[in-house]
Amino acid sequence: MQSEKGGYVFEELGYTISEEESEQAEKELKLLVFEKNLLEEILSGIQDAESSGSIDPADKEKIYKKYEDQLRSIEERISRYRLIVKLRKLELGRMKLLSMLKDRLERIDKEIKELRSALGKQRREVKPKIETADSKQIRSRTVEAREAKQVETIEQMEEKDELQKLQEDIMATLEKLEQLDLGL
Numbered sequence: 003m004q005s006e007k008g009g010y011v012f013e014e015l016g017y018t019i020s021e022e023e024s025e026q027a028e029k030e031l032k033l034l035v036f037e038k039n040l041l042e043e044i045l046s047g048i049q050d051a052e053s054s055g056s057i058d059p060a061d062k063e064k065i066y067k068k069y070e071d072q073l074r075s076i077e078e079r080i081s082r083y084r085l086i087v088k089l090r091k092l093e094l095g096r097m098k099l100l101s102m103l104k105d106r107l108e109r110i111d112k113e114i115k116e117l118r119s120a121l122g123k124q125r126r127e128v129k130p131k132i133e134t135a136d137s138k139q140i141r142s143r144t145v146e147a148r149e150a151k152q153v154e155t156i157e158q159m160e161e162k163d164e165l166q167k168l169q170e171d172i173m174a175t176l177e178k179l180e181q182l183d184l185g186l
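In the numbering used here, the protein residues as written are 3 to 186.
Derived by calculation from the structure, the hints in this document are not laboratory data.
Every residue, glycine too, gets a C-beta built ideally from N, C-alpha and C.
Heads up, none of these hints are tricks.
Derived DEER-like restraints, expressed as beta-carbon distance ranges:
1. Glu23 <-> Ser75: 17 to 25 Å
2. Glu43 <-> Glu63: 15 to 23 Å
3. Leu176 <-> Arg118: 25 to 33 Å
4. Ile114 <-> Arg82: 45 to 53 Å
5. Asp171 <-> Glu93: 18 to 26 Å
6. Ala60 <-> Lys98: 51 to 59 Å
7. Asp58 <-> Glu23: 45 to 53 Å
8. Glu28 <-> Asp171: 25 to 33 Å
9. Lys68 <-> Leu176: 42 to 50 Å
10. Arg84 <-> Glu177: 21 to 29 Å
The list that follows gives simulated cross-link-like pairs (lysine to any residue, SDA-like), each with its CA atoms no further than 20 Å apart:
11. Lys88 <-> Ser20
12. Lys68 <-> Asn39
13. Lys91 <-> Leu103
14. Lys62 <-> Glu43
15. Lys38 <-> Ser81
16. Lys112 <-> Asp171
17. Lys67 <-> Gly55
18. Lys91 <-> Met102
19. Lys32 <-> Ile44
20. Lys104 <-> Leu168
21. Lys62 <-> Glu52
22. Lys115 <-> Arg126
23. Lys178 <-> Leu92
24. Lys178 <-> Asp105
25. Lys32 <-> Arg84
26. Lys64 <-> Glu42
27. Lys167 <-> Glu177
28. Lys32 <-> Lys91
29. Lys91 <-> Gln26
30. Lys88 <-> Lys178
31. Lys68 <-> Phe36
32. Lys62 <-> Asp50
33. Lys88 <-> Glu25
Generate coordinates for the entire structure from the input sequences, incorporating the hints supplied.
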């Protein structure tokens, strides 16, 4: 949406997670994943011990439950830390995308103003027309509508080209953001 001053208004959401919080969450995440792998190996060892007859089933259940509860707790913490890291990355990506979009829109607006100035044209305001029953006015409007439609068709083609370029820029930016996001 464009503001009255010519600039664009983007909702500033800010950051929910600070850089320090995100870095700390990433460190915790690494440790928890390591700990999870160790617990999974322990649980596997307990099952192997039961299969080989080294431990009776009652003792196996007691020990297994203890480590299984720890594993469940670690998995919950891992989920939480992953959410924290993902939220930070998404917010950073959003801010970069908005910044790039804002820059691109400002360049387009500047070019539009330069072209208008070079052509000596002003932006037309759309005003509602009052309908009358006069046939001359109707015929005149029909001719004007045809001419306007031809001009609009040319303008629409130019706008489509600009929009297509903008879409391509946005898609390239989104691809870059997805590549950055692959680190999750």
